[in-house]
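2 protein chains.
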Amino acid sequence: PDRLSFIMESGHAYVTGNQRPDVVAEQAKLLAADAVILQFPLWWYGVPAILKGWIERVYAFGFAYGYQNGTNEFRFGDGILKGKRALVNVQAGGPGADYGPRGINAPIEQLLFPLTHGALFSPGMDVLPTHAVYSAGHVSTAEEVEAIKAGWRARLAGLFTDAPIPFRAQNGGDFPDRHTMADDVAPGQTGIVAHVAEELRFVDAVAGDAAAIASVVNGAYRANGAVEGWTNERG
Amino acid sequence: PDRLSFIMESGHAYVTGNQRPDVVAEQAKLLAADAVILQFPLWWYGVPAILKGWIERVYAFGFAYGYQNGTNEFRFGDGILKGKRALVNVQAGGPGADYGPRGINAPIEQLLFPLTHGALFSPGMDVLPTHAVYSAGHVSTAEEVEAIKAGWRARLAGLFTDAPIPFRAQNGGDFPDRHTMADDVAPGQTGIVAHVAEELRFVDAVAGDAAAIASVVNGAYRANGAVEGWTNERG
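So the protein sequences, as listed, match chains A and B. Last residue of the first sequence: 235 (the numbering used here), numbering continuous. Last residue of the second sequence: 235 (the numbering used here), numbering continuous.
Bear in mind the hints are in silico, worked out from the structure with no lab data behind them. Keep in mind that the hints are not guaranteed to be accurate.
Said to hold, decoys possible - Pairwise CB distance ranges, derived in the manner of DEER restraints:
| no. | chain 1 | residue 1 | chain 2 | residue 2 | range |
| --- | --- | --- | --- | --- | --- |
| 1 | A | D2 | B | R57 | 31 to 39 angstroms |
| 2 | A | P166 | B | N18 | 46 to 54 angstroms |
| 3 | A | N89 | B | T16 | 31 to 39 angstroms |
As the list claims (entries may be wrong) - Here are the simulated lysine to any residue pairs, SDA-like style, with alpha carbons at most 25 angstroms apart:
| no. | chain 1 | residue 1 | chain 2 | residue 2 |
| --- | --- | --- | --- | --- |
| 4 | A | K82 | A | L159 |
| 5 | B | K82 | A | Y45 |
| 6 | B | K149 | A | S5 |
| 7 | B | K84 | B | N171 |
| 8 | B | K82 | B | T16 |
| 9 | A | K29 | A | H12 |
| 10 | B | K84 | A | W44 |
| 11 | A | K29 | B | Y45 |
| 12 | B | K149 | A | R3 |
| 13 | A | K82 | B | W44 |
| 14 | A | K29 | B | P48 |
| 15 | B | K84 | A | Y45 |
| 16 | A | K149 | B | F6 |
| 17 | A | K82 | A | P164 |
| 18 | B | K82 | A | G93 |
| 19 | B | K149 | A | F6 |
| 20 | B | K82 | A | W44 |
| 21 | A | K149 | B | D2 |
| 22 | B | K149 | A | D2 |
| 23 | A | K149 | B | R3 |
| 24 | A | K82 | B | Y45 |
| 25 | B | K149 | A | L4 |
| 26 | B | K29 | A | Y45 |
Beta carbons: idealized from backbone N, C-alpha and C, even for Gly.
Whenever a hint applies, use it, and build me the whole structure from the sequences.
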């Protein structure tokens, strides 16, 4: 080629068996999995660099994008990981209030949209609502630790039964030209919130200590079907 | 200490002069700068891992957070980089339509909010609207390249005069308890859009080839004061 394209080189290595063995091994793990869980501390409002780098290296062209024919035909709901489930478990140093609907950091699901929608839903996985533990740096008592563990166990129990975030699939009718939402889809809405198909509301109570939050968030999520962090509410 | 805290260790290294020399050098560059420009390709809807890692290593505790007293008193508009300007220049492979108000990827300013708000505004910088070049992988003619260069030169010309994104400062009155927006601020709004203080609307025309987009976006931005990617419009 007369022009270097990282995308084309990635695809070439993928189809010709010239990827590094560690990348091949990680791709094999993804293909073998029924569910993929990403657990990490929130660093500067996103995934740590080391995890971002894992995505960049493992998500080869032809594998996680350009699937089957080198185009964007299969993405956002379709793709090589279709049928698998994904769950993010994030620990944030700040209190839940900072990540609330009107919190100073913005809601965790909107901050992590590039990960949940852009990196997990895009190659086809069904992505569950994010599991977040707040004030993680201030957890100190055994009771708090036990509450956090119980909250996580509850999420694991629902790994294959909880409803995923209802992101709009590219090929489900909402994006007739694969680029822009049809006019009759989420009419009048723009941005990230328009990407969630159902009317979702925030759990009201997101303030308090980490253990209480873990309990409240998961309790509310499981009891009411409400999903903390998302809203389509329009004033 | 009887418990390992990366935050405390970062702060300890910072105040005792035990940071690695490369980190010290990067911090010195930030302190010496009048403006900070981050230029990168959009990888999986965010900054490449290598740039994220730069932020994580250079943004020591006591420097970019916990400034002055180890608390969150000085952040989001206040901080060690207050008075400096920041500008993001991002190249995206996908067409502008995918990043439009109702595009399948979501608007670029919302995808990059964790960077612009979370990593640039939080230690005090004034962040200009993102400069984006779309369909970057398909740029092929000299005319397209020249149009892209002209668009970028225009943004550089406004580096110290263009209006920054009107993010809400923590200590400007909108967050009385430093965590949650006051009820009378952006009433009824939630999430990322509530963080922008003024009524901003998308530039309508974001479709087309990269050169046309670079031209349209910058032309519209400079001519109308409109900012591509943001909206507070409520249907």
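Structure-based check of all given hints:
At about 37 angstroms, the CB distance of A/D2 to B/R57 agrees with the hint of 31 to 39 angstroms. In this structure, A/P166 and B/N18 meet the distance hint of 46 to 54 angstroms, their C-beta atoms being roughly 49 angstroms apart. For A/N89 and B/T16, the Cβ-Cβ distance of about 34 angstroms falls inside the hinted range of 31 to 39 angstroms, so the restraint holds. The straight-line distance between the Cα atoms of A/K82 and A/L159 is roughly 16 angstroms, inside the 25 angstroms bound, and the hint therefore holds.
For the given pair, B/K82 sits about 20 angstroms from A/Y45 by alpha-carbon distance, which is consistent with the 25 angstroms threshold. With a C-alpha separation of about 20 angstroms, the suggested pair B/K149 and A/S5 falls inside the 25 angstroms cut-off, and the hint holds. With a C-alpha separation of about 17 angstroms, the suggested pair B/K84 and B/N171 falls inside the 25 angstroms cut-off, and the hint holds. Straight-line distance between C-alpha atoms of B/K82 and B/T16 comes to about 23 angstroms, which keeps the hinted pair within the 25 angstroms bound.
For the hint pairing A/K29 with A/H12, the CA-to-CA distance comes to about 21 angstroms; that is within 25 angstroms, so the pair holds. Straight-line distance between C-alpha atoms of B/K84 and A/W44 comes to about 19 angstroms, which keeps the hinted pair within the 25 angstroms bound. Only pairs whose Cα atoms come within 25 angstroms are accepted, and A/K29 paired with B/Y45 is accepted, the gap being roughly 23 angstroms. With a C-alpha separation of about 19 angstroms, the suggested pairing of B/K149 with A/R3 holds against the 25 angstroms cut-off.
Using a Cα cut-off of 25 angstroms, the hinted pair A/K82 and B/W44 holds, with the two alpha carbons roughly 18 angstroms apart. Note on A/K29 and B/P48: the hinted pairing holds, with a Cα-Cα distance of about 23 angstroms set against a maximum of 25 angstroms. Taken as a hint, the B/K84 and A/Y45 pair is honoured in the structure, with Cα atoms around 21 angstroms apart against an allowance of 25 angstroms. With a C-alpha separation of about 22 angstroms, the suggested pairing of A/K149 with B/F6 holds against the 25 angstroms cut-off.
Between the alpha carbons of A/K82 and A/P164 the distance comes to roughly 13 angstroms, so the proposed pair stays at or under 25 angstroms and holds. Restraint check for B/K82 and A/G93: the C-alpha separation of about 23 angstroms stays at or below 25 angstroms, so the hint holds. For the proposed pair B/K149 and A/F6, the alpha carbon gap of about 22 angstroms is at most 25 angstroms, so the pair holds. A distance of roughly 18 angstroms separates the Cα atoms of B/K82 and A/W44; the hinted pair therefore holds under the 25 angstroms criterion.
Pair hint A/K149 plus B/D2 holds up; C-alpha atoms about 22 angstroms apart against a cutoff of 25 angstroms. Annotation: proposed proximity of B/K149 to A/D2 holds, straight-line Cα distance about 22 angstroms (limit 25 angstroms). A hinted pair counts as satisfied when its Cα atoms are at most 25 angstroms apart, and A/K149 with B/R3 qualifies at roughly 19 angstroms. This hinted pair checks out: A/K82 and B/Y45 have alpha carbons roughly 20 angstroms apart, not beyond 25 angstroms.
Taking the CA atoms of B/K149 and A/L4, the gap is about 20 angstroms. The hint holds against a cut of 25 angstroms. Restraint check: the Cα-Cα separation between B/K29 and A/Y45 comes to about 23 angstroms, which is no more than 25 angstroms; the hinted pair holds.
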